[in-house]
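Working from the sequences, and respecting the hints, build out all of it.
One line per chain: the protein sequences are A and B, in this order. The first sequence lines up with residues 0 to 352 when you count with numbering that gives the first Met the number 0. The second sequence lines up with residues 0 to 371 when you count with numbering that gives the first Met the number 0.
Check the hints yourself; a few may be wrong.
[As the list claims (entries may be wrong)] Quick list of simulated restraints, FRET-style, between CB atoms: (1) A201/A to H251/B: 46 to 54 angstroms; (2) Y229/A to S338/B: 34 to 42 angstroms; (3) S316/A to R34/B: 32 to 40 angstroms; (4) R338/A to K33/B: 32 to 40 angstroms; (5) E89/B to M345/A: 21 to 29 angstroms; (6) K47/A to G95/B: 41 to 49 angstroms; (7) S338/B to R338/A: 45 to 53 angstroms; (8) P205/B to E257/A: 56 to 64 angstroms.
[Said to hold, decoys possible] Subject to a maximum C-alpha distance of 25 angstroms in a straight line, what follows is the list of computed SDA-like cross-link-like pairs (lysine to any residue): (9) K125/B to V26/B; (10) K1/B to A177/B; (11) K109/B to V54/A; (12) K322/B to R92/A.
[As the list claims (entries may be wrong)] Pulled a few chain A residues facing chain B out of the computed Cβ check, cut under 7 angstroms: (13) L56; (14) E60; (15) M101; (16) D105; (17) Y188; (18) R265; (19) F268; (20) G300; (21) I304.
Simulated from the structure, these hints should not be mistaken for laboratory data. Even glycine gets a Cβ: it sits at the ideal position worked out from N, Cα and C.
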Amino acid sequence: MDMQAHGVDLYMTVGIPRALLYYYYYPMWATFFKELGADVVVSRETNKGLLDQGVRLAVDEACMPVKVFFGHVASLLDSADRIFVPRLVSVERRAFICPKFMGLPDMIRAAMPADGRLIDPCIDLSKNEREFHSEIMRTGSIFTRSRVAIHKAYQKSKVVLRRFKDLLVAGNMPESAISLSLAGHDGAYEGYTGEFGEVAAANQDAILSGPDDTISVGILGHPYLIYDSYASMSILSRLRDAGCRVITCDMLPDEVVEKEAQNLPRWLFWTLGRRILGAAFHFLHSRSVDGCLHITAFGCGLDSIVGELIEREAKRSGDIPLMSITLDEHTGEAGVVTRVEAFMDMLRRRKSA
Amino acid sequence: MKLTFAHMGHLYIPIGALFRHLGLEVVLPPPSSKRTLSLGCQNSPEFACLPLKVNVGNYIEAIERGADTIVMAGGIGPCRFGFYGEVEREILQGLGYEFTMFIIDPPQGKIGPLLKQLGSLVGPVKPRDVIYALRLCWEKVTGIDRLNRLAVKVRPREVTRGETTRTMTDILAEVDRAETIDATRAAVNRGLSRLAGIPQRQDGPPPPRVGLVGEIYVVLEPFVNLEVETRLGELGCEVERSIYLSDWIRRHVIGDIFRILRPDPLLSLARPYLGHFVGGHGLDTVAHTVEYARRGFDGVIQVMPFTCMPEIVAESILPRVSKELGIPVMTLVFDEHSSDVGVITRLEAFTDLIMQRRVRLGEIGECAVTSV
Chain A
0 MDMQAHGVDL YMTVGIPRAL LYYYYYPMWA TFFKELGADV VVSRETNKGL LDQGVRLAVD
60 EACMPVKVFF GHVASLLDSA DRIFVPRLVS VERRAFICPK FMGLPDMIRA AMPADGRLID
120 PCIDLSKNER EFHSEIMRTG SIFTRSRVAI HKAYQKSKVV LRRFKDLLVA GNMPESAISL
180 SLAGHDGAYE GYTGEFGEVA AANQDAILSG PDDTISVGIL GHPYLIYDSY ASMSILSRLR
240 DAGCRVITCD MLPDEVVEKE AQNLPRWLFW TLGRRILGAA FHFLHSRSVD GCLHITAFGC
300 GLDSIVGELI EREAKRSGDI PLMSITLDEH TGEAGVVTRV EAFMDMLRRR KSA
Chain B
0 MKLTFAHMGH LYIPIGALFR HLGLEVVLPP PSSKRTLSLG CQNSPEFACL PLKVNVGNYI
60 EAIERGADTI VMAGGIGPCR FGFYGEVERE ILQGLGYEFT MFIIDPPQGK IGPLLKQLGS
120 LVGPVKPRDV IYALRLCWEK VTGIDRLNRL AVKVRPREVT RGETTRTMTD ILAEVDRAET
180 IDATRAAVNR GLSRLAGIPQ RQDGPPPPRV GLVGEIYVVL EPFVNLEVET RLGELGCEVE
240 RSIYLSDWIR RHVIGDIFRI LRPDPLLSLA RPYLGHFVGG HGLDTVAHTV EYARRGFDGV
300 IQVMPFTCMP EIVAESILPR VSKELGIPVM TLVFDEHSSD VGVITRLEAF TDLIMQRRVR
360 LGEIGECAVT SV
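Set out below in structure tokens:
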């Protein structure tokens, strides 16, 4: 790579943990760092060794997804010069993600020898965007002195994010949307002309139109749990293998989710919580699915509140079955499989009746 | 209208006085008990944190006593507490109770909406009465805090175990009964001299100092923290609580109304270990632990409800603070299954540890350990 042409002063490997908001932002992050001349490595898919390592490093009370994240970060200590562990405060006005996300870099530094190795910008869009931009400049300045180069890299990363999001609403699961959005040679930047928009729109019509002959299941849950096939014991692919149409809360358009979340008497101040609740209310009210499955991590603070509100709404509206599965690092797979199968059988009987 | 609110430590004394003086009839929930907890757990989401469960139990018991209006605080996140009110209302409605719920939101620099909300709750009252009620409330808050600050000093030195705690119960009942500002002042002053008059050990080394940090509800509510403050005191430790109601009101209520702009001293204390607010009291926990270490305390105890998100962040960071600043730290996590025996054992072990450490540091002689 011609580093001078990119205005790049320093060459290094940036590790991105395949956990938490990787499933929402990886293409953006990867593009940003690649455009600045860095090599990007992603930790491997979650497996037993990784989770065990995370369990050893994190405090007992942390939820499984945070433990998984610890495992991924630890695995990158050997393979990357710097590791990207952003402080994720907020990605929209007046809303947060989860308190634990706000302390992530500090929790990592307390648990493993990562001092000086983390790239930890504070991502906070709850109030204004100016500070966010200065955080981007601060992050980019690790790689280059050129503010123009940083700005360009950021603009390109935003384009890739848009492409990725369209691919998601076009019905792709995050892992395949990630590889499609970084489709250029070696994942190099390719630009986006909106070509997935039509597929996305067509897919939206299908999703919102309601059930047909196939059984469709609405999946409620945090992206880092439902799309991590090891952590979620492949519930999604099990459903698909059983002939189910799977609609996750991320496939619904923002307007639908926001409109449904307005039904609450109070602004729900968690971005992911509002998506889960809005999607649940949509599924329950529109009856566009045959059943809802809420996948949650043991001890998840948001889900204890959001799940309760969803359950009560499901009881009130009556006809859509809702099952909730709580996962932690100990859950036996057989128990989960049995429950998912029983749920499917029940949905099939209802459909044929 | 019969108004009620959930228990949190001695909050019922000043807040009860405030509402009574605004001309409202107050029906307090009975003191939290095993029944409160079991009612709360039966009807709350399993993974909600403990304060919500005890709140629900308190409300049910208050409604049984005739309460029909609940006052609760709201919030803007990221801690779950901000949504407690909504979930609690749903739970109680689901149980078929008839009541009205007032959720009072933090002012965030605008006092107008707050006053309007309080106005619709209280109805027409003379401004003079409002000011008197607020002053009386403040007098009780600060009075109780002064009494508590003295009690934690007397308790480890008392000659007869348990005398401080018994006297405090007495004094607090008297402060609760006081219906005017003057009577409150008199009761507090009488209480202070009664506490000072408790026979105390004069000889021996000064008691070890232990800081109590953590989530506000668990720190302030003895029923939930299994009386950790009293037990530590009776094990011979001088306890300093990181949260007193009067400090909290100064910082969060008055500070929030007037938006006093100044650098947060807690943030700069915590910065080397935790660089951002994380909701609830997570940052405060880290900052106060640093502060106690700098002031030469012998140990710090963190208390939190199970699954508390901000305190989990703090808990993850405290081992580093402990190691780098050389201060022993222990975390106690509480839920509906906590048993006092488990807590007592751990507190005894912790006290032993910090006494041994003092011997090692040469602060006290070997024989002093056995006398505690």
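Against the structure, the hints:
Checked against the hint of 46 to 54 angstroms, the pair A201/A and H251/B passes, with Cβ atoms roughly 51 angstroms apart. Restraint check, Y229/A to S338/B: a C-beta distance of roughly 36 angstroms satisfies the suggested window 34 to 42 angstroms. Judged by the Cβ atoms, the range 32 to 40 angstroms given for S316/A and R34/B holds: they are separated by roughly 34 angstroms. Take R338/A and K33/B: their Cβ atoms lie about 33 angstroms apart, and the range 32 to 40 angstroms holds.
A hinted range of 21 to 29 angstroms holds for the C-beta pair E89/B and M345/A, which are about 26 angstroms apart. Taken as a hint, the range 41 to 49 angstroms holds for the pair K47/A and G95/B, whose Cβ atoms sit roughly 48 angstroms apart. At roughly 32 angstroms, the beta-carbon separation of S338/B and R338/A lies outside the given 45 to 53 angstroms, and the hint is violated. For the hinted restraint 56 to 64 angstroms between P205/B and E257/A, the CB-CB distance of approximately 60 angstroms keeps it satisfied.
Proximity of K125/B to V26/B is assessed by CA-CA distance (about 23 angstroms); at most 25 angstroms being required, the pair is judged to hold. At most 25 angstroms may separate the alpha-carbon atoms for a hinted pair to count; K1/B and A177/B meet this at roughly 21 angstroms. For the given pair, K109/B sits about 44 angstroms from V54/A by alpha-carbon distance, which is inconsistent with the 25 angstroms threshold. Note on K322/B and R92/A: the hinted pairing is violated, with a Cα-Cα distance of about 38 angstroms set against a maximum of 25 angstroms.
Contact between L56/A and chain B, as hinted, is not supported at the beta carbon level, the nearest pair being about 9 angstroms apart and thus beyond 7 angstroms. For E60/A, the interface hint holds, the least distance from its beta-carbon to any beta-carbon of chain B being 5 angstroms, beneath 7 angstroms. With a least beta-carbon distance of about 4 angstroms to chain B, the hint placing M101/A at the interface is held under the 7 angstroms criterion. For the restraint placing D105/A at the interface with chain B, the shortest Cβ-Cβ distance is roughly 5 angstroms, inside the 7 angstroms limit, so the hint holds.
For Y188/A, the interface hint is violated, since its Cβ never comes within 7 angstroms of a Cβ in chain B; the closest pair sits about 31 angstroms apart. With a cut of 7 angstroms, the hint placing R265/A at the interface with chain B holds, because the nearest CB-to-CB distance is about 5 angstroms. Taking 7 angstroms as the C-beta contact cut-off toward chain B, the hint placing F268/A at the interface holds, the least distance being around 3 angstroms. Below 7 angstroms, beta-carbon pairs count as interface contacts, and G300/A has one with chain B at about 4 angstroms; its hint therefore holds.
Among the interface hints, the one on I304/A holds; its C-beta lies about 5 angstroms from the nearest C-beta in chain B, closer than the 7 angstroms criterion.
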